[in-house]
Amino acid sequence: MRDRLAEVQFDEVGAETVVAAVTGEIDGSNAGEVQRAVAEHVPTTARALIVDLTQTAYIDSTGVELLFELARRLSSRRQSFSVVVPQGSGVRRVLELCDIGSVGLLVATRDEALAAADGAPSA
Amino acid sequence: MVDDRGLRPRERDLPPPPPGSGGAGEPGGDAILGAALEGLRRAAEEVEVERSTAETLQRSLLRQQLPELPGLRLAARYLPGSGEARIGGDWYDAIPLRDGRLALVIGDVVGRGIEAAARMAHLQSAVRAYALEGLRPSLVLERMNGFVEELEKRCTATLLLAVVDPDAETVRLATAGHPPPLIVNPDGTPTFAEGPPGNPLGATHFPSYEETVLALPSGSALILYTDGLVEGADRSLDQGMEILAGTGPDLPDDPDEACRRVLDAGLADGHAHDDVALLVARLDAPPETLDLILRAEPGSLVAVRRALGRWLRAGGVGDAEAYEVQVACGEACSNAITHAYPPGEAHFAVRASRDGDELALEVSDFGAWRPPRGGQGGRGLALIEQLTDSLEIDRGVAGTTVRMRRRSNGVPR
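Quick mapping for you: the protein sequence lines, in order, are chains A and B. Going by this note's numbering, the first residue of the first sequence is number 1, and it counts up by one from there. Going by this note's numbering, the first residue of the second sequence is number 1, and it counts up by one from there.
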């Protein structure tokens with residue numbers, strides 16, 4: 001999925017982990033689209049979703065809301081959810097202020113997220 | 001009401017013209033001349049039809065509305081050549097990129113008439129596609145060369161790509177045999193942006209293109225043009241470029257007027273012999289107080305973000321702090337957009353100013369504000385509170401104003 005502000009690329013790691021990497025910016029103009037695109041790419045058979053925001057330059061509360069919404073969906077299906085954001089970035093600060101850690105795992109690198117997903121209990 | 005039916009029977013009564021005669025009473029020699037003239041008239045008409053078709057096509061392909069970016073004003077012109085069917089093939093374009101930069105394009109397809117205009121359309125679309133992929137200018141040109149080689153009818157074209165970064169105040173250029181753009185510095189001194197030359201598109205199989213990054217300080221203008229502006233029967237390319245550079249010292253600030261001035265100077269007799277495409281970009285210095293009025297729609301959020309980011313950085317505010325201020329302001333704007341309006345066109349205003357060591361931000365709408373009940377609005381307000389030192393919401397009859405203040409470490413430049 002791509003629009004004027006953002007592009008989402010999907011990667012499947014193993015058979016059960018989906019990584020959605022967002023490049024660009026998420027705001028009220030595209031958060032709904034990004035959410036739909038990510039949700040559609042997570043099959044019910046997946047065990048984990050990793051949203052990689054390493055290349056995300058901007059996120060606002062609608063973007064945060066999108067993450068909470070995804071987390072809600074996933075937890076109802078017992079799928080694990082983690083968000084990758086490098087330490088010290090503006091995006092990280094916003095996510096921390098909104099306490100994204102309360103609904104998913106917030107890590108600094110994709111490897112950390114993959115390791116955690118690997119260790120997650122099977123549904 | 002006049003009825004002319006009465007005249008017709010009498011016309012019919014006239015005897016038929018004798019064979020070989022062009023008309024009643026015309027001798028044979030005149031008839032031949034008449035037919036020849038008629039032939040010429042038809043040929044001229046055909047040229048004129050081709051001309052006007054090419055011109056219509058050409059104009060319909062060029063951007064009518066140039067994009068607007070904070071701090072960057074654009075204007076452009078296309079002038080058809082006055083020579084026989086000397087129309088088609090020159091174009092300009094401006095493509096906003098995802099990261100807030102703007103790709104400016106100027107090109108010239110060799111050839112004339114409808115065919116050149118049609119080829120130009122192919123090339124224009126291809127440049128847009130490659131530029132939107134985020135490819136660097138040299139790579140766009142490389143791909144364009146491949147694209148031209150794959151066209152059913154190969155052609156040759158010159159093309160120049162200039163990616164303007166209003167934040168960094170730079171322009172990144174790559175050229176495929178196109179004349180160099182003119183940079184007019186804030187003090188009026190003109191400099192041609194001569195970079196490493198590159199082959200025209202379609203000239204060789206494996207061209208290589210290099211890029212140059214040049215400073216484009218606030219207050220300067222960038223002028224992109226095609227050779228019709230600087231080349232003519234009456235002067236060499238060098239002379240033409242000298243005339244163009246001569247417009248630098250008193251180039252009007254407004255890009256539209258600047259276009260007029262450049263055309264007046266470049267085209268001595270007021271009209272172009274060859275096609276001319278011209279694009280002028282003016283980079284404005286960030287104002288002391290930022291004042292924006294935007295349409296109340298989500299698409300405006302990015303415009304506020306860009307303008308505010310540029311204003312903050314010009315004020316010496318670091319990236320991390322600028323980000324937080326952008327988010328706080330963006331949340332207030334989101335509220336103005338989502339909560340304040342009935343359907344239909346509406347606007348909101350943003351003002352940013354500096355008050356000693358504090359930044360003051362104001363977001364005003366002109367509608368009835370509904371206090372958010374949890375959800376996104378609630379999260380947005382909570383974010384503003386965390387990212388600013390004070391938040392004040394003034395719900396008036398005419399609209400709502402959100403005032404935010406934050407101590408800043410930034411030092412104005």
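Simulated from the structure, these hints should not be mistaken for laboratory data. Glycine residues also receive a C-beta, built at the ideal position from the N, C-alpha and C atoms. It is possible that part of the hints are untrue.
To be verified - Going by beta-carbon spacing under 7 Å, a handful of chain B positions derived as facing chain A: (1) Gln64; (2) Phe206; (3) Glu210; (4) Ala296; (5) Pro298; (6) Val327; (7) Gly380.
Stated by the list, open to error - Ranges of calculated distance between the beta carbons of each label pair, as one might list FRET restraints: (8) Ala265/B - Asp3/A: 38 to 46 Å; (9) Arg4/A - Ser390/B: 48 to 56 Å; (10) Glu112/A - Ser218/B: 16 to 24 Å.
Against the structure, the hints:
no.	hint	verdict
1	Gln64	19 Å, violated
2	Phe206	30 Å, violated
3	Glu210	26 Å, violated
4	Ala296	11 Å, violated
5	Pro298	4 Å, holds
6	Val327	6 Å, holds
7	Gly380	4 Å, holds
8	Ala265/B - Asp3/A: 38 to 46 Å	42 Å, holds
9	Arg4/A - Ser390/B: 48 to 56 Å	34 Å, violated
10	Glu112/A - Ser218/B: 16 to 24 Å	42 Å, violated
When each numbered hint is compared with the structure, violations occur for hints 1, 2, 3, 4, 9 and 10.
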